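*Asks:* For the sequence shown, position 233 (counting from the first letter as 1) is numbered 429 according to the working numbering, and the numbering increases by one without interruption.
Note that these hints are calculated values from the structure, not bench results. All values reported here derive from a predicted model rather than from experimental measurement. It cannot be assumed that every hint is accurate.
Straight-line C-alpha distance at most 25 Å; calculated SDA-like pairs for lysine to any residue [as the list claims (entries may be wrong)]:
hint, residue 1, residue 2
1, Lys330, Ile545
2, Lys330, Arg198
3, Lys330, Ile507
4, Lys330, Arg443
5, Lys330, Glu372
6, Lys330, Ala266
7, Lys330, Arg205
8, Lys330, Met534
9, Lys330, Phe501
10, Lys330, Gly207
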Amino acid sequence: MREALALARLGSRTTSPNPMVGAVIVAGGRIVGRGYHVRPGCPHAEVMALSDAGPAARGATLYVTLEPCAHWGRTPPCTEAIIGHGVRRVVAAMEDPDEQVRGRGLRALARAGIETLTGVAYEAARALNEAYIKHRTTGLPFVTAKWAMTLDGRIATRSGESRWISGDASRALAHELRAGSDAILVGIGTVLRDDPQLTARGPTARQPMRVVIDSGLRLPPDARVLAPDGTPVIVFTTHRSRPEARRALEARGSEVLLADGSDGRVDLRTAFGALARRGVLSLLVEGGGEIHGACMDAGLVDKAFIFVGPIIVGGPAPGPVAGVGVASLAQAWRLRRMQVRQCDQDVVIEGYVDVSARAEAGAPRGEGQGAPCSPVS
Numbered sequence: 197m198r199e200a201l202a203l204a205r206l207g208s209r210t211t212s213p214n215p216m217v218g219a220v221i222v223a224g225g226r227i228v229g230r231g232y233h234v235r236p237g238c239p240h241a242e243v244m245a246l247s248d249a250g251p252a253a254r255g256a257t258l259y260v261t262l263e264p265c266a267h268w269g270r271t272p273p274c275t276e277a278i279i280g281h282g283v284r285r286v287v288a289a290m291e292d293p294d295e296q297v298r299g300r301g302l303r304a305l306a307r308a309g310i311e312t313l314t315g316v317a318y319e320a321a322r323a324l325n326e327a328y329i330k331h332r333t334t335g336l337p338f339v340t341a342k343w344a345m346t347l348d349g350r351i352a353t354r355s356g357e358s359r360w361i362s363g364d365a366s367r368a369l370a371h372e373l374r375a376g377s378d379a380i381l382v383g384i385g386t387v388l389r390d391d392p393q394l395t396a397r398g399p400t401a402r403q404p405m406r407v408v409i410d411s412g413l414r415l416p417p418d419a420r421v422l423a424p425d426g427t428p429v430i431v432f433t434t435h436r437s438r439p440e441a442r443r444a445l446e447a448r449g450s451e452v453l454l455a456d457g458s459d460g461r462v463d464l465r466t467a468f469g470a471l472a473r474r475g476v477l478s479l480l481v482e483g484g485g486e487i488h489g490a491c492m493d494a495g496l497v498d499k500a501f502i503f504v505g506p507i508i509v510g511g512p513a514p515g516p517v518a519g520v521g522v523a524s525l526a527q528a529w530r531l532r533r534m535q536v537r538q539c540d541q542d543v544v545i546e547g548y549v550d551v552s553a554r555a556e557a558g559a560p561r562g563e564g565q566g567a568p569c570s571p572v573s
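Whenever a hint applies, use it, and build me the whole structure from the sequences.
*Replies:* Here it is as structure tokens:
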């Protein structure tokens, strides 16, 4: 199963909105077939592994990181291929939470006389497809809030200067986060202040969809985020924005969507639901502070990725999370499964936002995921 999980990760930037899946076929105590899902429309991992194994699949055991599908989509049901190749036993790390599957694949295999087992490396499989699982179970994307800040918790100086708080190594890691996300989101304040491109750097980087929250539609027509480079751009606004401004953005190729909230601003839950329906499983929110605060207030953030540069700016400078916030420390959001590591001169803090257990004293930390930077010593 570890080998299957490693294979699944090879599709980390290409499979969305499908899950990452790897499969291994074992016969006579050795691996005879391997496969992983490359991209939507391509054969699934099980079919790739069966093809690799050929006749050796008969009577063998198939290890797969997610329950095989039993329905027609862009490709035929994997269960039919498994049954047809004479596989004796199927070991799945977890059931597929998609409403079209949810145990149907395993039941179909059992009806065909194939032995099935689930739960092997279950936690690792859930972590691998955490974005897919949230999308399929809630209708919302998995949201990661990312920011760079100084040692004294500022994201800019009092004059608004923010380039660069973090170093080259941290910025390279941030671009990896972008390339691994389906969409990247900022508020209009960030666009007006920094005019970001919101692109992922690197020769093989996948470009995420670009999303702007702009309740009054102040987005300049020459903003770099609107560059006509083939990457989809979505702007969420409200009915209080001018219709002619919406039409002008649409004429430039952007999709403009209305998501009115009760306070006259964009309703983020509505906006995130719209993104999920467009196939966004993973959403990277890069701020600024107002957007981060609004997302936290709405309970929409799943994970935080924080870069801390070794500088202090002081003064009335902006912080990374604004919004309403909490009235007491007992209500504070706590990061769980937190990992702290060093990335050149910066410190990187990564953790999952726990909004249910409000900063419980002495709660266990858990263990974080691996990452391409050294631990803090």
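*Asks:* Each hint needs a verdict: does it hold in this structure or not?
*Replies:* Hint check results:
1. With a CA separation close to 22 Å, the supplied pair Lys330 and Ile545 stays within the 25 Å bound.
2. Among the hinted pairs, Lys330 with Arg198 is consistent with the structure: their alpha-carbon atoms are about 23 Å apart, no more than 25 Å.
3. In summary, the hint linking Lys330 to Ile507 is not supported, as the alpha carbons are separated by about 36 Å, beyond the 25 Å threshold.
4. A C-alpha spacing of about 34 Å is found between Lys330 and Arg443, which places the hinted pair above 25 Å, so the restraint is violated.
5. Of the pairs offered as hints, the one joining Lys330 and Glu372 holds, with about 21 Å between alpha carbons and a cut-off of 25 Å not exceeded.
6. Taking the CA atoms of Lys330 and Ala266, the gap is near 21 Å; set against the 25 Å cutoff, the hint holds.
7. For the suggested pair Lys330 and Arg205, the alpha carbons sit about 18 Å apart, so the restraint of at most 25 Å is met.
8. At roughly 20 Å between alpha-carbon atoms, Lys330 and Met534 fall within 25 Å of each other, so this suggested pair holds.
9. Restraint check for Lys330 and Phe501: satisfied, since their Cα atoms lie roughly 18 Å apart, inside the 25 Å limit.
10. Restraint check for Lys330 and Gly207: the C-alpha separation of about 18 Å stays at or below 25 Å, so the hint holds.
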